[in-house]
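S.K.: Sequence:
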Amino acid sequence: MPPSGEVLASVSSALAVLLVLLACVELGDAAAAVGVYRLIQYDLAGAPLGSRAAALNHHAAALPLPAGADLSRSALVAPLLELPLSFIREYLAEKKHLGGLLILLPTNLTNKNGEGSNDDKGQPKSVLAELEKLLLHQEVPFPVYFAFHDDSMDNLLEDIRKIASSGQPASASTGGYKLIVPSAEPRKVSSPTISNIQGWLPGLKGEGDAEQLPTIAIVANYDTFGAAPALSVGSDSNGSGAVALLEISRIFSRLYSNPKTRGKFNLLFGLTSGGPYNYNGTSKWLRSFDQRVRESIDYAICLNSVGSWSSDLWMHVSKPPENPYIKQIFEDFSDVSKEMGISVAIKHKKINVSNSRVAWEHEQFSRFRVTALTLSELSTPPEFLESTGGLYDTRESADVESITRTVKLVSESLARHIYGLRGRNIEVFAESSSLAISPHYIQSWLDLFSRTPRVTPFLQKNDPFIAALKKELSEHTADVHVQNDVLDGLLTFYDATKSTLNVYQVASVTFDLLFLLVLGSYLIVLFSFLVITTRGLDDLINIFRRPPSRKVKGA
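According to the working numbering, the sequence shown is numbered sequentially starting from 2.
Hint data in this document are derived by calculation from the structure and do not stem from the laboratory. Some hints could be false.
What the hints assert, rightly or not - Derived DSS-like pairs: lysine-lysine, alpha-carbon spacing no greater than 30 Å straight-line:
1) 97 with 189
2) 351 with 339
3) 206 with 134
4) 339 with 350
5) 265 with 339
6) 134 with 96
7) 134 with 472
8) 96 with 206
9) 320 with 351
10) 179 with 499
11) 206 with 265
12) 462 with 472
13) 206 with 472
14) 179 with 163
15) 261 with 206
16) 134 with 339
17) 328 with 206
18) 320 with 265
19) 97 with 348
20) 339 with 320
21) 471 with 189
22) 189 with 96
23) 97 with 134
24) 261 with 96
25) 261 with 472
26) 471 with 499
Stated by the list, open to error - Here are the computed distance ranges between Cβ atoms for each label pair:
27) 186 with 479: 16 to 22 Å
28) 341 with 435: 17 to 23 Å
29) 518 with 49: 46 to 52 Å
30) 215 with 461: 32 to 38 Å
Built from N, CA and C at the ideal position, the CB exists for glycine as well.
Use the sequences and the hints to build the structure in full.
M.R.: Below, the structure written as structure tokens:
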């Protein structure tokens, strides 16, 4: 072969290989990689609930769907406000096959005026609350993921709808987008732990006083539960209560740091875990105390969902309002609330010791015969595993002003009880004093809670967030201790709470056939050209010429 022919052959071969590689890159490269969050998978008393699948590998589809559409091999992509709950109910009730569901959440769960809309139907928060309630208490046989509806997802959704407008659903024959979440089979979370954090502010004993000082406990659970564990931050339930507790411990530590202003009450601060699960951590925490410590508790104040109220707060109790202790505590709150221009109402709910359901945290104290109450913006207790830090409970759900008012109400009421200031209009934590409540402190901790998912089975005992809570409580209290224990109950949880969704743009079979036809034609022309230039036209013709038949002579 002459040198020019060799060069030409090399260039032509390289060009063919390059075309093949470019085609493969174009067809195989992901159009997008998106962080997604899986619907929780758990068992309740052996009954499977939540999403029972994690792996996803199907072509994308979008609403509106043509009549009679078969979605058994499709992953439906739907913005939150465009997804009819009736569609999900129908698929779950009739056990229809669905390849997968990707729900796009708005990046801001407020209405058009920028205000929260918990009570308005059709607004993101109310729709999300209904959706979460539906998905949490059903067995969902297909994978369900959540993602945020940003510009990239909006462009993807527009492209999917354009393909769907052709009248043919995306498939291997028509092309489109393919959604792939590579995920192994979810595994059970073995021995999920709960971590309770406690700290003390010891009171001042008089000389020769051998009796144990009475104790007032301020308690709040800090963990959450929601449809997507990796998104369950619970800013209001119960980040607001935990933040209020931290601020109360901070301002009272200043009072107790000086022997002249130290009260004759011990103050016990408890950040408890297992709140959504009948306050299991609170029960274990109380059991860990010596009986004398429990008997020394004068009363306990539990803080729950105090981050989004304006003028009305509820004091929930298990003992009758006529009880002398309850009556006195309520009068302390009422006196301070009147001065603040707010209202505190009392609600009595008798507990049933034989029933394992615990609606409020103070009910665990009541089971140990300790006087206790819960302060909350909620007038009625939430249902089991509901309103405990769901997808809609984001930073916009809680405001600094509400928590500041709660801290003011509790702190001033406590001060009047501890220092005997009942009936005297004395403001201990005045705004201009060194004991003033700090909105900046409240905001910084509320922001941190609002960035940190805190679903107990996935919040390990060595998690940096628990270490941060312990460190902060150590700054203001003494004898800080973390109690780690195993979560009791009938709940079993599974891992794989978040993953990466790979979106591929795939060509149709028609395109593949056309590409192969063009590539094959090119290779035939290249082969013919090389043979002609190296051997001549006659050799090329001889290749395709039918060889002469050979006759075998008979014997």
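S.K.: If a hint holds in the structure, say so; if it does not, say that too.
M.R.: Quick rundown of the hints versus the structure:
no.	hint	in the structure
1	97 with 189	26 Å, holds
2	351 with 339	27 Å, holds
3	206 with 134	51 Å, violated
4	339 with 350	25 Å, holds
5	265 with 339	26 Å, holds
6	134 with 96	19 Å, holds
7	134 with 472	36 Å, violated
8	96 with 206	67 Å, violated
9	320 with 351	7 Å, holds
10	179 with 499	19 Å, holds
11	206 with 265	6 Å, holds
12	462 with 472	14 Å, holds
13	206 with 472	27 Å, holds
14	179 with 163	15 Å, holds
15	261 with 206	12 Å, holds
16	134 with 339	37 Å, violated
17	328 with 206	27 Å, holds
18	320 with 265	26 Å, holds
19	97 with 348	45 Å, violated
20	339 with 320	24 Å, holds
21	471 with 189	28 Å, holds
22	189 with 96	25 Å, holds
23	97 with 134	20 Å, holds
24	261 with 96	70 Å, violated
25	261 with 472	27 Å, holds
26	471 with 499	27 Å, holds
27	186 with 479: 16 to 22 Å	47 Å, violated
28	341 with 435: 17 to 23 Å	21 Å, holds
29	518 with 49: 46 to 52 Å	50 Å, holds
30	215 with 461: 32 to 38 Å	36 Å, holds
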